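Protein chains: 2
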Amino acid sequence: MAKFMDVHSGFFGTTREQLDQAHGADLKIEAEEGVHFEHAWLDPEQGKVFCLATAPSKEAVLRIHERAGHPTEEIYELSVEV
Amino acid sequence: MAKFMDVHSGFFGTTREQLDQAHGADLKIEAEEGVHFEHAWLDPEQGKVFCLATAPSKEAVLRIHERAGHPTEEIYELSVEV
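Protein chains in written order, with our numbering: chain V, 5 to 86; chain Y, 5 to 86.
Treat the hints as calculated values from the structure; they're not laboratory data.
Treat the hints loosely; a few may be bogus.
Identical copies go unnamed one by one, so any copy, or any two together, can satisfy a pair.
Unchecked claim - Within a straight-line C-alpha distance of at most 30 Å, the following computed DSSO-like cross-link-like pairs (lysine-lysine) qualify: (1) Lys62 <-> Lys32; (2) Lys7 <-> Lys62; (3) Lys7 <-> Lys32.
Since the model is a prediction, treat every value here as computed from it, not as a measurement.
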């Protein structure tokens with residue numbers, strides 16, 4: 005299992021409730037790909053969402069986000085952590 | 005105190021040792037601005053570094069990163085977390 009950060013842009017003014025709903029949609033199906041989203045953070049002023057996940061591959065993270073309705077091309081494999 | 009994610013680009017091929025050194029330079033002076041960097045993650049293939057911090061302000065995070073020699077314009081205030 006590896007660790008991934010994915011970044012979503014354009015989420016200006018998103019509320020806690022909306023983030024919770026989007027994150028919940030991921031959590032509901034994540035196990036089907038062996039993914040687990042540990043955190044989702046939002047900066048509503050700059051419209052950015054960061055998700056930290058453990059997963060078998062970048063593609064698995066992408067598939068869950070796609071199926072949950074919020075795909076992103078920005079997925080980073082965090083092979084180093086300090 | 006608020007939570008912040010900052011993003012550094014162009015760190016292609018950076019090693020664990022280099023990240024550790026850069027992160028160490030932040031940790032050494034962070035208390036002077038009331039900042040604490042909790043994590044630093046690196047994707048050496050895509051050259052991205054993500055730092056998660058608690059701090060009194062975005063400016064405080066920036067000042068520490070500037071003084072440690074790795075400023076960034078990408079600092080996000082994570083006012084929502086789920």
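Which earlier hints turn out false for this structure, listed by number in ascending order?
none
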